[in-house]
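> Just remember that the numbering used here sits 2 ahead of the position in the sequence shown, which is counted from 1.
For the record, the hints were derived by calculation from the structure and aren't laboratory data.
Fair warning: there could be bad hints in the mix.
Claimed, not checked - So the derived label-pair ranges between C-beta atoms look like this:
#1 Ala76 - Leu221: 41 to 51 angstroms
#2 Lys51 - Leu17: 53 to 63 angstroms
#3 Phe207 - Met302: 37 to 47 angstroms
#4 Arg245 - Thr86: 26 to 36 angstroms
#5 Pro81 - Tyr20: 52 to 62 angstroms
#6 Phe127 - Met240: 23 to 33 angstroms
#7 Tyr141 - Lys229: 44 to 54 angstroms
Even for Gly, the Cβ is constructed at its ideal location relative to N, Cα and C.
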Amino acid sequence: MKELFILAVVTFFTLVTYYLVEPFAHSQMHKHIESEGFTYKDLPALTKKGDAARGKDLVMGAGACAGCHGIEVAGMPAPMDPVTAAQSYGVNPPDLSNAGSVFDPKFLAALIKNPAHALMVEHKFDPAKGKMHPMPSFYGAGGDIDQEVADMVAYLQSIAKKGEELTPAMTFETACGRCHAIHYPYVKDGKNHPAWTQIGEKPSFKHKQDELAFEAKVLDYQDALTKYMGTLPPDLSMYIRSRGEHYIKTFIENPQNYLKGTAMPRVGVTAESADKIIEHLEDVGDSKRHERAAVGANVMIYIIIFAIFAILWKKEVWRELH
3 MKELFILAVV TFFTLVTYYL VEPFAHSQMH KHIESEGFTY KDLPALTKKG DAARGKDLVM
63 GAGACAGCHG IEVAGMPAPM DPVTAAQSYG VNPPDLSNAG SVFDPKFLAA LIKNPAHALM
123 VEHKFDPAKG KMHPMPSFYG AGGDIDQEVA DMVAYLQSIA KKGEELTPAM TFETACGRCH
183 AIHYPYVKDG KNHPAWTQIG EKPSFKHKQD ELAFEAKVLD YQDALTKYMG TLPPDLSMYI
243 RSRGEHYIKT FIENPQNYLK GTAMPRVGVT AESADKIIEH LEDVGDSKRH ERAAVGANVM
303 IYIIIFAIFA ILWKKEVWRE LH
């Protein structure tokens, strides 16, 4: 029993040391923000029931969305290549195919009406100072603007992939992929996925000059993005490990809570989309997590069995000595 007591004491102090070094130290060194549940309480609720057919006419017509955004699911490619779009607007406008599922409906409605307010970047884009957000506000098409906005949101929801059809990678691409790169390729479900750049997946090249031409486009895009944001947004390859799930989720939800005055906009995703973004970052930065958990369980089982045999062996030896 003496050995078990010593083991208990060592285990206790090891756990206390770990707590002081890891969770407690992090809680003191980093600001802790509680999640708001991705409810966006500062944004008004949608009070009108949208009509997807009317919304399609607005998105393609008076709403002028298709003038800047591609809608691949509707057979409409982006009007500009990513580099030209970034040089024109600061960042490449997202394809709207899955916007209706990735983003919260209230956020989408607010974004259509007043982009700077919805994105929480009014400190950066102030019309009174002649600084306009590159996405123009929608002032209506001659009818009830609230109804028109609800119709546009309904159309975007009607064309978007839903549930498991909307993969974590698709969600990341729509919500984060135009500003953030992922340097490392990864494997999921036995399939290889290439590295992600702000202009899309990095393909494999047969000729070096083709690779250099692609990298030059990436650099041109990053130059435009840096001028727009003030700094190049970080590569997110290992962020799930260096920051953790809670930090990333709450930062996505409201960047101003962590960095007052930051140029990073509020992303406006749903809680489900946030979970998928986290899953994608785990697939990239911690792709062996499931194997590690399984190995960890097996190691613990081995240690327990080994400890039992060690105790039985020790008793047997001491019995013979006595």
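> It remains to establish, for every hint, whether it holds in the given structure.
Okay, the hints, checked on the actual structure:
For the pair Ala76 and Leu221, the supplied restraint of 41 to 51 angstroms is violated, since their beta-carbon distance comes to about 32 angstroms. Judged by the Cβ atoms, the range 53 to 63 angstroms given for Lys51 and Leu17 holds: they are separated by roughly 55 angstroms. For the hinted restraint 37 to 47 angstroms between Phe207 and Met302, the CB-CB distance of approximately 46 angstroms keeps it satisfied. In this structure the hint that Arg245 and Thr86 lie 26 to 36 angstroms apart at CB holds, the actual value being about 33 angstroms.
For Pro81 paired with Tyr20, a C-beta distance near 54 angstroms keeps the hint of 52 to 62 angstroms intact. Roughly 32 angstroms separates the CB atoms of Phe127 and Met240, a value that falls within the hinted 23 to 33 angstroms. Separation of Tyr141 from Lys229 is about 28 angstroms and departs from the stated range, judged on CB atoms against 44 to 54 angstroms.
Of the numbered hints given earlier, the model fails hints 1, 7; all others are met.
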